[in-house]
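Chemist: Let chain B serve as the given structure and place chain U on it in line with the hints.
Respectively, the protein sequence lines represent chains B and U.
Positions in the first sequence are counted from 1; adding 164 to them yields the working numbering.
Positions in the second sequence are counted from 1; adding 164 to them yields the working numbering.
Simulated from the structure, these hints should not be mistaken for laboratory data.
Please note that the accuracy of each hint is not assured.
For identical chains, the list gives no copy identity; a pair is met inside one copy or between any two copies.
When the alpha-carbon atoms are kept at most 30 Å apart in a straight line, the in silico DSBU-like pairs for lysine-lysine are as follows [said to hold, decoys possible]:
1. Lys491 x Lys284
2. Lys442 x Lys428
3. Lys436 x Lys336
4. Lys418 x Lys436
5. Lys284 x Lys354
6. Lys428 x Lys301
7. Lys354 x Lys247
8. Lys492 x Lys198
9. Lys195 x Lys439
10. Lys336 x Lys259
11. Lys301 x Lys208
12. Lys418 x Lys428
13. Lys442 x Lys418
14. Lys354 x Lys231
15. Lys492 x Lys301
2 protein chains.
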Amino acid sequence: MAGTITIALDAMGGDYGPSVVVPAAALAYKKNPKIHFLFYGDQKQIQHYMDKHPELRVVSDIHHTDKVISNDEKPSVALRSGKGSSMRLAIDAVKSGEAGGVVSAGNTGALMATSKMVLKCLPGIHRPAIASIFPTKRDEIVMLDLGANLTCDAEVLTQFAVLGAVYARAVKGMRTPTVGLLNVGSEDMKGPEGLRLAASILSSVTFPGRYFGFVEGNDITEGGVDVVVTDGFTGNVALKVAEGVGSMSSHFLKEALTSSFLSKIGALLSMKALKRLKSRVDARVYNGGMFLGLNGICVKSHGGMDAFGFSQAILVAANLIENDYNKKVANEIEQVMSQESFITSVSSLSMDGQ
Amino acid sequence: MAGTITIALDAMGGDYGPSVVVPAAALAYKKNPKIHFLFYGDQKQIQHYMDKHPELRVVSDIHHTDKVISNDEKPSVALRSGKGSSMRLAIDAVKSGEAGGVVSAGNTGALMATSKMVLKCLPGIHRPAIASIFPTKRDEIVMLDLGANLTCDAEVLTQFAVLGAVYARAVKGMRTPTVGLLNVGSEDMKGPEGLRLAASILSSVTFPGRYFGFVEGNDITEGGVDVVVTDGFTGNVALKVAEGVGSMSSHFLKEALTSSFLSKIGALLSMKALKRLKSRVDARVYNGGMFLGLNGICVKSHGGMDAFGFSQAILVAANLIENDYNKKVANEIEQVMSQESFITSVSSLSMDGQ
Chain B
165 MAGTITIALD AMGGDYGPSV VVPAAALAYK KNPKIHFLFY GDQKQIQHYM
215 DKHPELRVVS DIHHTDKVIS NDEKPSVALR SGKGSSMRLA IDAVKSGEAG
265 GVVSAGNTGA LMATSKMVLK CLPGIHRPAI ASIFPTKRDE IVMLDLGANL
315 TCDAEVLTQF AVLGAVYARA VKGMRTPTVG LLNVGSEDMK GPEGLRLAAS
365 ILSSVTFPGR YFGFVEGNDI TEGGVDVVVT DGFTGNVALK VAEGVGSMSS
415 HFLKEALTSS FLSKIGALLS MKALKRLKSR VDARVYNGGM FLGLNGICVK
465 SHGGMDAFGF SQAILVAANL IENDYNKKVA NEIEQVMSQE SFITSVSSLS
515 MDGQ
Chain U
165 MAGTITIALD AMGGDYGPSV VVPAAALAYK KNPKIHFLFY GDQKQIQHYM
215 DKHPELRVVS DIHHTDKVIS NDEKPSVALR SGKGSSMRLA IDAVKSGEAG
265 GVVSAGNTGA LMATSKMVLK CLPGIHRPAI ASIFPTKRDE IVMLDLGANL
315 TCDAEVLTQF AVLGAVYARA VKGMRTPTVG LLNVGSEDMK GPEGLRLAAS
365 ILSSVTFPGR YFGFVEGNDI TEGGVDVVVT DGFTGNVALK VAEGVGSMSS
415 HFLKEALTSS FLSKIGALLS MKALKRLKSR VDARVYNGGM FLGLNGICVK
465 SHGGMDAFGF SQAILVAANL IENDYNKKVA NEIEQVMSQE SFITSVSSLS
515 MDGQ
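Okay, chain B solo, but in the shape it has when bound:
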């Protein structure tokens, strides 16, 4: 149907399966009525929850399977024996073109390994990255890689910069997004060699953004750049440290505001403001790890999300599809990699083994 966005859902993934995935789909559909759904998983369970959402029934197909990839399955095992599982079938639907994208709250390693194998990378892309949106003091930013690749050489980091910049343009509507490389200092000579090489490539090539320079950990939340690029090890630690400090801050705030009668009255009076504060740093709002660089849209929801959180991940996938993200990336990557300055830089470092 013209203008329809079809999303394949791994209904069995995550801690709560269809009890979250189905109402999440209903929520997402309410916000974006162009979305149609392909559910993969236990027909009876899915049907049970869908009975409460008749409006969803009309725009959904249910494909039954008993098979589920568990959360503790090793990615290599999931690859070999995952055929016919709810996750695999949902990814297959993207491969075959039945769906424009897939959303799963299942095993991250299995989802990445399977979608890499089934969907493959976009032409020219060496490795996919996990990207996500973060709140900052100013606007939201996008950061990648959050864990797909433990180490990344300069060429891969450069590609990530393009993946992030195209996202900021295509989905966030920015004209010239600024891109920063995460480092331990902002001076040019700081940091490991691979990072410095990536900086020199990004300074010399034309890409759909502007290279800002190195940024430090505390710059991320200042919102000084629109895209933060890092390797998957550092990005994963940074993401989780941010989650941890956020959680500690609310923990301390709650303790403080319930510590005395007076502070409780004060909190009551500030309730509306505090609720708005909570929504600003609500992890559910920022749910949806985008696997960028694959030949198909794939979004990972946090396993413990509720229906609202999972619905956000669906909307993230819908946004990528609706804005033709992958087509735009493929174009831009080709243009960046065919530039003389890119080819010279990369060939000069190919012997460094970094």
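Modeler: Okay, now just chain U, sitting in the frame of chain B:
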């Protein structure tokens, strides 16, 4: 004098020089009257601020120098031409035994490079690390390396575990501190090779703590382990991300509580509780990056700290000196490194080049 703790102060380091360093010394002296001070820097300026603290005059010597290492000086230049500077003279005082330790708010790279060159590493220690105390939901923890070494092999990470565990015992009085290695997952097979090797060494050797396993970024603030060990690149990013998220949280909270008349009244009633909250996450309380593993105590204060913040760094140094930290580390390192299981593990990995 028996029981005296002598600390050499780089009076010119940091953004504010003697205007902060002198009152900071007065504050620290108030809390720990065993401390005596050797000030290095502009005699006139130091004297000017000391006139307001006659009690300090009695326990202080001022050593004049005009020379200051600037904040943007490259470490290599500071090494070559830093002789006679306030920072260098303060470090020299530790080397000569006149002082038990040095505190500086100056250029971090220059301080690390100079103290490494002048003081050298403790016997058996390959590389010094920067360590700091962090607040968590439970008790405070110590984390290292925060930026001295961009990459660290398994042997160095193992030594850092010992440096951290001895700190937790000697200064924090813990009997068997738990040590975690920062990684992107808690499963044994996760992460880069060097980390997995460090995990296997720490699992097999006897050291002054208990190896807990891998911890993730969000585990740090949960306080599940007493010591978190990581390489200097990751540690530096983690530290700064934590600072950034903390700053964003207070920024959002302030915005929320001043957003309406009602919320302002609420904040007023909760004032006492909010002040206590602020003190719990006050960066000044946790000021003092310890350069562990050197043959002398060296503590780095944040350059922008006020007198209270700098005084905390002085107290950190005093604690290390008073508790004989370096002597204890030297003993423990020797014991760990002479163990059969340590020698076997390290020699088996020496060919991996990791």
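Chemist: Would you pick out the hints that fail for this structure and give their numbers low to high?
Modeler: Per hint list: single violation, 11.
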